[in-house]
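Residue numbers (the numbering used here), protein chains in the order written: chain A, 73 to 185; chain B, 61 to 173.
It should be emphasised that the hints constitute simulated quantities derived from the structure, not laboratory data.
Keep in mind that the hints are not guaranteed to be accurate.
[Claimed, not checked] Think about it this way: if two alpha-carbon atoms lie no more than 20 angstroms apart in a straight line, the pair counts; the simulated SDA-like pairs of lysine to any residue are:
no.	chain 1	residue 1	chain 2	residue 2
1	B	K117	B	P68
2	A	K140	A	I122
3	A	K140	A	A150
4	B	K117	A	R123
5	A	K114	B	I72
6	A	K128	B	L170
7	A	K143	A	K114
8	A	K114	B	Q77
9	A	K114	B	K117
10	A	K114	B	N131
11	A	K114	B	L170
12	A	K140	A	R180
13	B	K117	B	P155
14	A	K114	B	E161
[Stated by the list, open to error] Reference listing, derived: stretches of chain A covered by chain B, where coverage requires no fewer than 3 residues with Cβ under 8 angstroms from a Cβ of chain B:
no.	stretch
15	95-107
16	112-122
17	172-185
[Stated by the list, open to error] Chain A residues, not near chain B, derived (Cβ > 12 angstroms throughout):
no.	residue
18	L83
19	P154
20	N167
From the three backbone atoms N, C-alpha and C, an ideal C-beta is built for every residue, glycine too.
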Amino acid sequence: GESVGLHLPTLSVQEGDNSIINCAYSNSASDYFIWYKQESGKGPQFIIDIRSNMDKRQGQRVTVLLNKTVKHLSLQIAATQPGDSAVYFCAENPNNAGNMLTFGGGTRLMVKP
Amino acid sequence: KAGVTQTPRYLIKTRGQQVTLSCSPISGHRSVSWYQQTPGQGLQFLFEYFSETQRNKGNFPGRFSGRQFSNSRSEMNVSTLELGDSALYLCASSPGPTFNEQFFGPGTRLTVL
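Work out the full structure, taking the sequences as your base and the hints as a guide.
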């Protein structure tokens, strides 16, 4: 079943290319930023996170960049695969807000074989 | 280690009824957060429970309530259902009171007719 918005921005890439998904966050006091991947009919799945005292963090095939000056977050996926097709959300955890997350609107990534 | 489980997975109710959704967090996790996901509003935070106490609450009417039990399992209740309450309700589990990581369950798809 559907799990995300009907009018999400969509990024279409060729298999094997690199993907860059961008997100603007709202709260300059946020301490923690996370990228989630959501496939149809499933809950969001953790991809990678970054704390506000960092500007770059790398995982397996993924890199997150944080620019606090312009409140911008990006997710880079190297060698994009068909299994990467999903909706990607950025989320922020405001300082002193316990485990509350504020989510961005999401970007749909479509990988063409 | 088992993930976050939510029951039921699908639910159909009519306007005016009430509904109770259940969430079992990851073993050892003491914080449970609830989110509502709709095509129009995206992912929105409902509330968070830690050690049986509500710590944070989102901007939802009082018809939305929740609780947490001593074994960290949580329930949320929606009374006097409205058509606009149709959504995917997601439960997320975190280890402790301050943000470190958050894992989502598959969600409960609620349809209000």
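>> Tell me if the straight-line CA distance from A/K114 to B/E161 falls inside 20 angstroms.
In response: 18 angstroms, holds
>> Just to be careful, I want the Cα atoms of A/K128 and B/L170 compared with a cutoff of 20 angstroms; is the pair within it?
In response: 38 angstroms, violated
> Is it true that the CA of A/K114 sits at most 20 angstroms from the CA of B/N131?
Replying inline: The hint is violated at about 25 angstroms.
>> Next pair to validate is A/K140 with A/A150; report whether the Cα-Cα distance is within 20 angstroms.
In response: Not satisfied, since the Cα-Cα distance of roughly 23 angstroms exceeds 20 angstroms.
> A/P154 clear of chain B by more than 12 angstroms, beta carbon to beta carbon?
Replying inline: 22 angstroms, holds
>> When I compare C-beta atoms, does the stretch 172-185 of chain A have three or more residues closer than 8 angstroms to chain B?
In response: With 7 residues closer than 8 angstroms to chain B, the stretch 172-185 of chain A meets the three-residue bar; holds.
> Does A/N167 really sit off the interface, with its C-beta more than 12 angstroms from all C-beta atoms of chain B?
Replying inline: 9 angstroms, violated
> Is the straight-line distance between the alpha-carbon of A/K114 and that of B/K117 20 angstroms or less?
Replying inline: 24 angstroms, violated
>> For a C-alpha distance cap of 20 angstroms, please report whether A/K114 and B/I72 respect it.
In response: 19 angstroms, holds
> Given the proposed pairing of B/K117 with A/R123, does the C-alpha separation stay at or below 20 angstroms?
Replying inline: Roughly 23 angstroms between the alpha carbons, so the hint for B/K117 and A/R123 is violated.
>> Would the hint linking A/K140 and A/R180 be met if the CA-CA limit is 20 angstroms?
In response: 24 angstroms, violated
> Within a Cα-Cα threshold of 20 angstroms, do A/K140 and A/I122 meet the stated pairing?
Replying inline: Holds, at about 12 angstroms.
Checked against the numbered hints given earlier, this structure breaks hints 1, 3, 4, 6, 7, 8, 9, 10, 12, 20; the rest are met.
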